[in-house]
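These protein sequence lines map, in sequence, to chains A and B. Each step along the first sequence adds one to the number in this note's numbering, with nothing skipped, and position 214 is 214. Each step along the second sequence adds one to the number in this note's numbering, with nothing skipped, and position 154 is 508.
Calculated directly from the structure, the hints in this document are not laboratory data. Quantities reported herein were computed from a predicted structural model and do not represent experimental measurements. Positions of the beta carbon are idealized from the N, C-alpha and C atoms, including for glycine. Misleading hints may appear alongside valid ones.
Said to hold, decoys possible - Straight-line Cα separation of at most 20 angstroms, DMTMM-like style, residue types lysine to aspartate or glutamate; simulated pairs:
id, chain 1, residue 1, chain 2, residue 2
1, B, K516, A, D290
2, A, K273, A, D182
3, A, K162, B, E402
4, B, K516, A, D51
5, A, K260, B, E402
6, A, K162, B, D644
7, A, K273, A, D290
8, A, K260, A, E117
9, A, K333, A, D290
10, B, K516, A, E36
11, B, K614, B, D644
12, B, K516, A, E48
13, A, K162, B, E500
To be verified - Where chain B lies over chain A, by a calculated footprint (3+ residues, C-beta under 8 angstroms):
id, segment
14, 99-112
15, 124-136
16, 257-271
17, 297-306
Number of protein chains: 2
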Amino acid sequence: MNVTLTTSDLAHDKTPAASHPERTVDGLTRLHDAFEADLSRVNELIIERMDSPVAMIPQLARYVVAAGGKRLRPLLTLACADLAGYTGDRHYGLAACVEFIHTATLLHDDVVDDSSERRGKASANAVFGNQASVLVGDFLFTRAFELMVADGSLDVLSVLSKASATIAEGEVMQLATTNNIDTTEQQYLDVISGKTAVLFAAACEVGGLVAALPGDQAEKLRDFGHNLGMAFQLIDDVLDYGADRQDWGKEIGDDFREGKMTLPVVLAIDAAKANRDQQQVDFWQRTVGDLDQQDGDLDQAMAYLSQHGCLQRTRERAQQFATHAIAAIQAVKGEGQTHDLLIAAVSASIDRRY
Amino acid sequence: MNVTLTTSDLAHDKTPAASHPERTVDGLTRLHDAFEADLSRVNELIIERMDSPVAMIPQLARYVVAAGGKRLRPLLTLACADLAGYTGDRHYGLAACVEFIHTATLLHDDVVDDSSERRGKASANAVFGNQASVLVGDFLFTRAFELMVADGSLDVLSVLSKASATIAEGEVMQLATTNNIDTTEQQYLDVISGKTAVLFAAACEVGGLVAALPGDQAEKLRDFGHNLGMAFQLIDDVLDYGADRQDWGKEIGDDFREGKMTLPVVLAIDAAKANRDQQQVDFWQRTVGDLDQQDGDLDQAMAYLSQHGCLQRTRERAQQFATHAIAAIQAVKGEGQTHDLLIAAVSASIDRRY
Chain A
1 MNVTLTTSDL AHDKTPAASH PERTVDGLTR LHDAFEADLS RVNELIIERM
51 DSPVAMIPQL ARYVVAAGGK RLRPLLTLAC ADLAGYTGDR HYGLAACVEF
101 IHTATLLHDD VVDDSSERRG KASANAVFGN QASVLVGDFL FTRAFELMVA
151 DGSLDVLSVL SKASATIAEG EVMQLATTNN IDTTEQQYLD VISGKTAVLF
201 AAACEVGGLV AALPGDQAEK LRDFGHNLGM AFQLIDDVLD YGADRQDWGK
251 EIGDDFREGK MTLPVVLAID AAKANRDQQQ VDFWQRTVGD LDQQDGDLDQ
301 AMAYLSQHGC LQRTRERAQQ FATHAIAAIQ AVKGEGQTHD LLIAAVSASI
351 DRRY
Chain B
355 MNVTLTTSDL AHDKTPAASH PERTVDGLTR LHDAFEADLS RVNELIIERM
405 DSPVAMIPQL ARYVVAAGGK RLRPLLTLAC ADLAGYTGDR HYGLAACVEF
455 IHTATLLHDD VVDDSSERRG KASANAVFGN QASVLVGDFL FTRAFELMVA
505 DGSLDVLSVL SKASATIAEG EVMQLATTNN IDTTEQQYLD VISGKTAVLF
555 AAACEVGGLV AALPGDQAEK LRDFGHNLGM AFQLIDDVLD YGADRQDWGK
605 EIGDDFREGK MTLPVVLAID AAKANRDQQQ VDFWQRTVGD LDQQDGDLDQ
655 AMAYLSQHGC LQRTRERAQQ FATHAIAAIQ AVKGEGQTHD LLIAAVSASI
705 DRRY
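Can you build the whole structure from these sequences, using the hints too?
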């Protein structure tokens with residue numbers, strides 16, 4: 001039953017870019033390429049630390065960790081450490097740690113959402129069951145914790161333990177807003193600040209901390225990560241209603257089917273209420289609030305989103321966060337091309353279509 | 355929606371003892387009474403640290419933390435710190451931390467086992483749903499982690515982070531043995547060493563570490579905790595097949611109905627195989643392996659356990675671990691009556707009927 005892992009299993013998944021040659025040089029790919037050697041070290045650590053004599057653990061962990069995704073969070077740790085002039089090797093363990101926290105969160109998210117797919121393939125809970133996903137998620141989280149303790153810096157431990165608690169709080173907050181059509185824009189931004197942006201922020205800040213960056217400079221890295229994370233999540237929300245299925249790895253409208261309140265829907269409901277359009281409010285209550293959905297409802301939802309320009313307005317909000325992210329990174333003193341790469345990665349996060 | 359908590363909500367649940375006056379002076383009660391003031395401090399911290407602006411978190415956390423149980427793990431931290439001569443207040447936070455880890459584990463356990471009851475009342479997942487139980491479990495675990503980081507000792511962090519990872523590994527191991535009638539005694543002991551005994555061991559060891567006890571002495575405390583935890587779990591296994599329903603707070607035979615391989619069943623299957631009694635082996639395969647159970651199967655299982663003396667033999671194994679626990683604690687230098695109290699608590703753990 002044991003699974004042999006190799007670093008190639010864990011290589012960054014370039015499929016989407018590779019199938020769209022015109023995008024191979026986008027900012028996220030450039031960032032990845034610039035830190036490919038460092039990311040290999042991180043991948044080696046990930047392989048090593050997700051091992052266990054309990055066969056189900058590496059099997060499931062491999063399934064979800066190897067599935068890849070963009071490895072954006074560990075890349076941010078590596079790039080921010082580099083920007084801060086760091087030349088040691090502590091950032092490898094911390095980047096792995098950040099990825100483990102992220103992966104543990106994904107495993108539990110999929111159980112909570114009862115998801116059957118992630119990144120275009122069957123989700124871990126669909127293959128291994130919810131029970132294993134809950135427990136292996138716990139295992140990966142505890143391994144993240146061990147990696148931090150091994151690093152030995154109480155400052156880093158403080159940042160990552162606070163971030164972990166905030167993520168958990170954000171996830172519970174999201175659960176409370178799901179199916180609640182009275183969720184406000186601010187409540188929604190609080191949710192994604194907790195569940196998404198805080199790990200981006202911590203990933204960047206610990207990159208600065210290992211380099212012993214002064215407090216105000218490390219804070220700028222955290223601001224950068226927070227704003228990038230907010231922008232990233234909002235674009236995810238847009239893509240859920242508008243992505244090219246082949247690239248996205250998710251069905252269009254997953255959030256809608258799960259009754260998730262994301263910013264496009266919050267804005268559409270706000271507009272309907274402002275217009276005293278009870279028919280539209282009733283539509284959202286039935287489909288998202290009560291999850292009573294019929295054929296054609298997704299098309300109708302898309303029509304309402306379009307009527308009120310909600311996807312475009314969500315993109316504009318994302319752009320505002322991106323602008324803040326770029327301002328923050330420009331305020332960090334640093335060397336070489338990493339500044340440019342991080343700025344290009346922000347732009348690519350906004351422009352991406354998958 | 356917010357719930358106001360008071361320390362009295364979190365008071366040790368004395369109901370079982372109170373309803374059986376002859377047991378009010380058992381060793382566990384004496385240990386509790388001796389550290390009641392300290393435990394109140396721990397309870398205050400628990401209340402403070404399980405709070406959150408996200409209303410569902412304190413609601414659910416209160417439901418499960420306030421449900422009480424024996425508070426044995428934090429009591430062990432308090433008592434071991436006292437035994438080691440500690441006079442500061444770091445042990446309060448660490449005792450709360452140990453209880454949070456335990457509670458997070460319970461929440462996830464109940465989801466994994468699809469349990470509807472715990473300690474005689476509806477389980478949190480039955481009341482709040484599996485989704486909330488998974489996420490609030492994560493939250494409590496991250497709060498435990500924050501408490502450890504606030505303590506600031508890398509030695510303590512190392513012990514508790516390793517313990518947490520081992521618990522998660524033990525839980526996955528248990529999932530792999532559930533419904534597997536070929537589980538060996540050693541495999542089962544490995545499971546409970548991971549999922550139960552390691553937290554008892556860590557709870558005791560950190561009590562020694564805050565007192566700056568020399569390494570070999572802290573190790574004795576860990577041995578004490580480990581052996582007590584093993585004994586405690588084995589008695590739990592016996593009680594699941596033999597407790598007085600009113601005291602136990604669980605249905606007799608829960609483990610059987612869930613297809614859990616516990617030591618009594620492992621021993622019964624071993625005996626059946628040794629006797630080449632295919633009928634009995636087939637019975638366990640059908641009921642525990644395939645979970646194909648009918649009326650009367652639990653009675654039949656109890657009859658087989660009785661035929662091979664499996665409950666008694668499990669009690670004997672528990673007694674062996676208890677003997678090791680007592681030897682370990684006797685090897686720790688210490689003052690006052692705490693030695694006696696800890697020894698009495700071991701005996702009470704073996705003799706308890708609930």
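How the hints compare with the structure:
no., hint, verdict
1, K516/B with D290/A, "violated, 44 angstroms"
2, K273/A with D182/A, "holds, 10 angstroms"
3, K162/A with E402/B, "holds, 16 angstroms"
4, K516/B with D51/A, "holds, 14 angstroms"
5, K260/A with E402/B, "violated, 31 angstroms"
6, K162/A with D644/B, "violated, 44 angstroms"
7, K273/A with D290/A, "holds, 18 angstroms"
8, K260/A with E117/A, "holds, 16 angstroms"
9, K333/A with D290/A, "violated, 51 angstroms"
10, K516/B with E36/A, "violated, 31 angstroms"
11, K614/B with D644/B, "holds, 11 angstroms"
12, K516/B with E48/A, "holds, 16 angstroms"
13, K162/A with E500/B, "holds, 7 angstroms"
14, 99-112, "holds (count 3)"
15, 124-136, "holds (count 6)"
16, 257-271, "violated (count 0)"
17, 297-306, "violated (count 0)"
In summary, the numbered hints that this structure violates are 1, 5, 6, 9, 10, 16, 17.
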